[in-house]
Each structure stands twice: as C-alpha cells, then as structure tokens.
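Starting from the known structure of chain X, arrange chain B on it as the hints suggest.
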Amino acid sequence: MANALDQFRIEPIVPIHVGNLDLSFTNSSLYMVAAVVISTVFLTAAMRRRTLIPGRFQSVAELFYEFVAATLRNNASEEAWRYFPLIFTVFMFVLCGNLLGLTPYGFTYTSHIIVTGGLALFIILFVTVVGFMKHGLGYFHALLPTSVPGPAGIIMVPVELFSYFARAFSLSVRLTANMISGHIMLHVVTGFVVALGVWGGWVPFLGAAAIITLEVLIACLQAYIFTILSCVYLESALHLH
Amino acid sequence: MDVQSMKFLAAGMAHLGLAVTAVMVGLIWTTLIKTVGRNPACKESVELFGWVGFATTEAIGLYSLVVALITLFS
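Quick note, the sequences are listed as chains X and B, same order.
All letters in the first sequence, in the order written, are residues 0 to 240 by numbering that gives the first Met the number 0.
All letters in the second sequence, in the order written, are residues 0 to 73 by numbering that gives the first Met the number 0.
If we strip away everything but chain X, and leave its shape as in the complex, we get (with noise of 0.2 Å):
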C-alpha cells in the first residue's frame, strides 16, 4: 500500500546544500522547468507568423489567451485587467503541471501542498497588497460590510477573519487533493493490471483507460477552477462587495 505514495516522492538530480539548506535540483523542479519551456516555446512558436486571421497553429494559442481573457473579463472589473498575466501565468503553470503528470513515468508537481500551497498563499497576500493598495486602511470594510448591526458585526469579524485566510487552505488543498487522489486511483488500478496477467489484465486495463480520461478532464477543470477563484478574490479586493 505504500508503494501507491512512491510516485509522489521528490528525488534530487543535481544536489546542491547551501550551509544547512537543500536546495537541490529535483525531479519537482525538473518538470517545473519543462512546463515553463512547454507553454513559452509553444505561445512564441505559434505566434511567429502573425496573422490578423489566424492560421491553425495560432488559432489554438489565441484559444487559450482568449480562454483566460473571457474568465477574467467576466469575473472581474475593467481595471482587473492589468493584472492578467498573473493570471494567465497561474493557469498556464497549474494546467501545465497538472498534465504533465498524466505523461509516462510523469511526476506531478501541483500534488505537492507545498507547490500549491505557496502558489494559493501568493495569491492570496497579492489581493490583500492590492486591496490595501487600493483602498488604504478602508481594506478593512472587506472584514465588516456597513450594513451589518453592532452585535452581529462583533461576532462577524472575526469569522470573516478566518474565513480570508482560508480561502488560500482551500485554494491549495482543493487542487492538492484531486491531484493525489487521481494518481493513487491510477496506481492502484494499473496494479491489478500488471497482477492480472495477460488473460485477465483486460478488464482493469479498460478501468485504467476510463480513468485517465476522467484524470485529463479533472486536471484541466481544477486549472481552470483555480484561475476563476482567483479572479474572484481579485475583484472582491478590487471592489469591496
């Protein structure tokens, strides 16, 4: 059972301390690297000939951008739009990420509550400089909208307190968790493929099949579900409800 865990485990390529830190070149950061080099050379390689029509090669990377564009036009305001390529850079990355590890012997540095974690807790600590940047110390109001009594207001900051800081706990563990779930699924299921043989290893291997489709499916839904909440934060802090 804990061989299902060993696909997540983090090797180190090129090791390298600095004092009493590792900061070693691992197989995490190897496909870190691969994703940023995925999706740079296939957005300039399919705009080096650019068209007022698009071609298909450019036709599928204005997809994307106008996929990202489309969320963040209708989730935020107008002035939201500065801050598009974060955003296209979180999806870009998470989706990156998320399907790199579906790729054999891939590993899959989004299921890491460290990587997701420091990218929801970013997100996070930006909205509230860009809040508190926006609108000075009024960024508290975010905490206690006006029309609340007194009583009420007492009890509701702190929950509204809790429930800010959350949002980056939910933001990381949600896409954290779908990710370890589906491989450990995946796992698990070719396993009994390999067990059953040859003359029974059919039918998991249809199971197997049927499950990275659905994998493929949950890692562009949980990039693209990322990307909209934090579009969402970023106009909450922009406007204040």
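Hints listed in this document are in silico derivations from the structure and should not be mistaken for laboratory results.
All C-beta atoms in this analysis are idealised placements derived from N, C-alpha and C, irrespective of residue type, glycine included.
Treat the hints with care, since some could be wrong.
[Claimed, not checked] Label pairs and their computed distance ranges (CB to CB): (1) B:24 / X:196: 28 to 36 Å; (2) X:145 / B:47: 27 to 35 Å; (3) X:205 / B:24: 18 to 26 Å; (4) B:24 / X:148: 34 to 42 Å; (5) B:55 / X:60: 36 to 44 Å; (6) B:33 / X:49: 42 to 50 Å; (7) B:33 / X:15: 51 to 59 Å.
[Stated by the list, open to error] Chain X residues, not near chain B, derived (Cβ > 12 Å throughout): (8) 157; (9) 168; (10) 190.
Chain B only, in chain X's frame:
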C-alpha cells in the same frame, strides 16, 4: 490496540463524509439536467455553473480523503 490498527480505523472513519459528497455531486447534475429540461435554450449559461459546482463540491469531499491519507501514512 496498537497504533497501526487505530490508523486504519481512523482512515476508514474519515471516509464516511464522502458519502454525502457523492450524493451532492449527483444532486448538482440532477438539477442541471432538470434545468436544461425545462428550458433547453439556457444550456450554455448553466453549463459553466455545473462544472464549477462539481469541482468545488468534489474538492470538499477530497478534503476528508486528505485527512484519511494523512492518518494512514504518518
């Protein structure tokens, strides 16, 4: 009872919350199908909410899975 048996028991108990999650995910799709059934023209507008609702509901169910995994493997 030793620690390992308690871990298995705890992991099993942590999974009970997933039953409600499964029912509620089914409820989302049921409502979606009913809505599209009553008004087929609104399919594009509610489809997005169906997918987002499904992902967030499933995520909450998976939080209990995370607790189960933590108890099993630590």
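Next item on the list: Can you let me know if the beta-carbon spacing of residue 145 of chain X and residue 47 of chain B is within 27 to 35 Å?
Entry: Hint holds: Cβ distance 32 Å, inside 27 to 35 Å.
Next item on the list: Run the C-beta distances from residue 157 of chain X to all of chain B and say if the shortest one exceeds 12 Å.
Entry: holds (22 Å)
Next item on the list: Could you let me know if the closest chain B CB is still more than 12 Å away from the CB of residue 190 of chain X?
Entry: holds (17 Å)
Checklist line | Outside-interface status for residue 168 of chain X - nearest CB in chain B farther than 12 Å | finding: violated (9 Å)
Item checked: Cβ separation of residue 205 of chain X and residue 24 of chain B, checked against the hinted range 18 to 26 Å -> Holds, since residue 205 of chain X and residue 24 of chain B (Cβ atoms, about 23 Å apart) stay within the stated range.
Next item on the list: Using the beta carbons of residue 33 of chain B and residue 15 of chain X, state whether their distance is inside 51 to 59 Å or not.
Entry: Cβ of residue 33 of chain B to Cβ of residue 15 of chain X: about 57 Å, so the range 51 to 59 Å holds.
Note to self: Quick check: does the Cβ-Cβ distance between residue 33 of chain B and residue 49 of chain X fall within 42 to 50 Å?
What the structure shows: holds (46 Å)
Next item on the list: Could you tell me whether the CB distance from residue 24 of chain B to residue 196 of chain X stays inside 28 to 36 Å?
Entry: About 35 Å separates the Cβ atoms of residue 24 of chain B and residue 196 of chain X, which means 28 to 36 Å holds.
Checklist line | Cβ separation of residue 24 of chain B and residue 148 of chain X, checked against the hinted range 34 to 42 Å | finding: holds (38 Å)
Check: Does the Cβ pair residue 55 of chain B, residue 60 of chain X satisfy 36 to 44 Å?
Finding: violated (29 Å)
Consistency note: the structure conflicts with the earlier hints numbered 5 and 9.
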